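Each protein sequence line maps, in turn, to chains E and Z. One rule links them: number in this note's numbering = place in the first sequence (from 1) + 114. One rule links them: number in this note's numbering = place in the second sequence (from 1) + 114.
Derived by calculation from the structure, the hints in this document are not laboratory data. Just so you know, nobody snuck in bad clues.
In silico BS3-like pairs for lysine-lysine, Cα to Cα no more than 25 Å straight-line: (1) E:K152 / E:K199; (2) E:K395 / Z:K132; (3) Z:K395 / E:K132; (4) Z:K294 / E:K395; (5) E:K294 / Z:K395.
Model, not experiment: these values are computed from the prediction.
There are 2 protein chains.
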Amino acid sequence: MIQIAIMGLGTVGTGVAKVVAENARQIERKLGEPLQVKTILVRHFKDGPYRQLMTDDFTRIEEDDAIRVVVETIGGVEAAYEYTKRALNAGKHVVTANKQLVAEKGCELLALAKKRGVNYLFEASVGGGIPVLHPLTQCMAANRIDEVYGILNGTTNYILTRMVRAGATFADALREAQEKGYAEADPTADVEGIDAGRKICILADLAFGRQVDPAAVPMEGISRLSLDDVRIAQRAGYRIKLLGRALRLGSGRTAYVAPHLVPEDHPLANVEDVFNAVVVKGNATGEVMFYGRGAGEMPTASACVADVMEALQASPRREEIGWEADPEGFVAPQTVPLRHYFRIRGSLADAVGAFGQVEVLSEDSGMTAFLTEPVSGGEAAEKAAALAVLARLPVLG
Amino acid sequence: MIQIAIMGLGTVGTGVAKVVAENARQIERKLGEPLQVKTILVRHFKDGPYRQLMTDDFTRIEEDDAIRVVVETIGGVEAAYEYTKRALNAGKHVVTANKQLVAEKGCELLALAKKRGVNYLFEASVGGGIPVLHPLTQCMAANRIDEVYGILNGTTNYILTRMVRAGATFADALREAQEKGYAEADPTADVEGIDAGRKICILADLAFGRQVDPAAVPMEGISRLSLDDVRIAQRAGYRIKLLGRALRLGSGRTAYVAPHLVPEDHPLANVEDVFNAVVVKGNATGEVMFYGRGAGEMPTASACVADVMEALQASPRREEIGWEADPEGFVAPQTVPLRHYFRIRGSLADAVGAFGQVEVLSEDSGMTAFLTEPVSGGEAAEKAAALAVLARLPVLG
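From just these sequences and the hints, can you work out the full model?
Structure, rendered in structure tokens:
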């Protein structure tokens, strides 16, 4: 019998308890012995099936040598950070779905786990139940990873899908997402690209082996996206998708989040509704894509439980999951040459005057939409300085 | 310095030597020490960069205690089987891309590896460089896997893509694939579904934990596929794709390979050219898809090298990769209820007379194409016995 603890009993924490119970047979077959949730840390006691497991005293977990793995589903940094450190210091493996904590403190927590000879695993923090981090670090270990990009947030992808398919405005599509339970009452972290930003930081950390500080990563969401641009892009053979991107640049690296024009024959263009997809580009493997539901109680929880099993089986610990601090190596994404989409109040002549050669997508009622040749973000801003810019988006590929 | 051997110096074997050299820095960073190819087993000596590593004497590998991992890229069963057994018996980890050997003898070789306390790993045998087997067994370990299906063969997917896009016949598209180097001079294993069949057996073995004998798995290829059916399917909103499928059926399981009608909004419908994609359905995670180039020298080789690294790091061995023999649990796929596509010489009245309710897709020059309600393969054959059947294909979903 292997005993574990769960910290936090929200959606994911409850899911972890359910997966351990419902898939007990599969789990026991793989582990060789049964897995049991012994203790659940909560702030407020609630009635329900797990009432007798609950405690509001963290030392009941910290000082219990029978508990070998702790699943942290508290979220945020403060308490989660504190308890994670204490659990690792107590010699317990820690598994989490907490992308904010991993993005901000992962480097330090991984170093602590290494020092204590235990695992700190977080497959569920990116892509929910879609296997991404292990395949990236393990199955593609013989590659130099050159780029990672993808649709990392299901809420915004649902909103964008409704804007394309139903011609809904951002505000209407957001309301619909909230009614369906896909968006929270305060949707800021989703729609402003912060959630996707934390995930692209974790992907960049693992892909390049160096810490990317979320505070340095430009994150642009979809709240200011106009239906005009969605329609113009679609007629020109593109879909607008919110992408997180991380690129290797010589010995440096960059990362950012922004809505992009994605060519309709690119696999990401067909990823719709709440689905996520992550593309990893290795120098030997080429591009591979991982696709599925990026959130939800049971998918995310099952990824946590798989990490619990992995933590127990990988003895003493998985060495290849980790990264180093390196604040110097981060390059601002404005230096990367990309094609840009512009919509301006003005004529094609104005566009050509600013950018030289452009590909015109639409000219209508005094507005012109066009694509530039590849230019850095800085150069694009400079050239567009004299234009009346209504929208500007990078183009994938 | 960790030393390995390669057996066989064809496409994949050469790729393994290249990946070890080209990505030496990445590999060393993850392993903590350099990786070196010490010995390469060949049948005939050839000049080239690896000339000084070659031997035609297997005992030079078997008796060399410095060699910790052997990469088998000989292919086929006989010599590959013999040398794999001897290498495992000599206490060496074995890594392979040999799908025929794993599908036919995997159960026995995994048991031998377990007995000897070493790893037998074969990520590269399915999906080339696309991570599939490790994510299935490890990241989805907390799921009950209910189904695995996908486009497992790039050659046939290229041919089907040309039939859809260019209206090429099977024969012309095959010739084109051969000219481009995507199909071999003898394309039988690809176009008759045997290659996909071996891969779906391996996926079923891992997903359900029980051996599926390739000899029991019906494998139908695309060589008899008519352009008429490709066109009718496309106009009705379907793409024809060669799928391998493995399903859990109560306590039993089934597997088969056949061309299917795939609805155009299904993610597999947009997988084109030589790309592969595998969908895994877990009871907690739902459907996830893995997509990329399913073959080729460098992708397949990089998957082998990642397994070499995994074999060295997973000490003493990965317990969760394995399956048991169970010849009783395999159920013929003819019992699974599926919608079927039929094209008959006859009228809609004939179709309705045989099947009751049908969905008509086309009626033209005395031919009728239609979809049935879900019926087992056996029942479909029985009901169609009196019809002049020109084509019959299962429908996905």
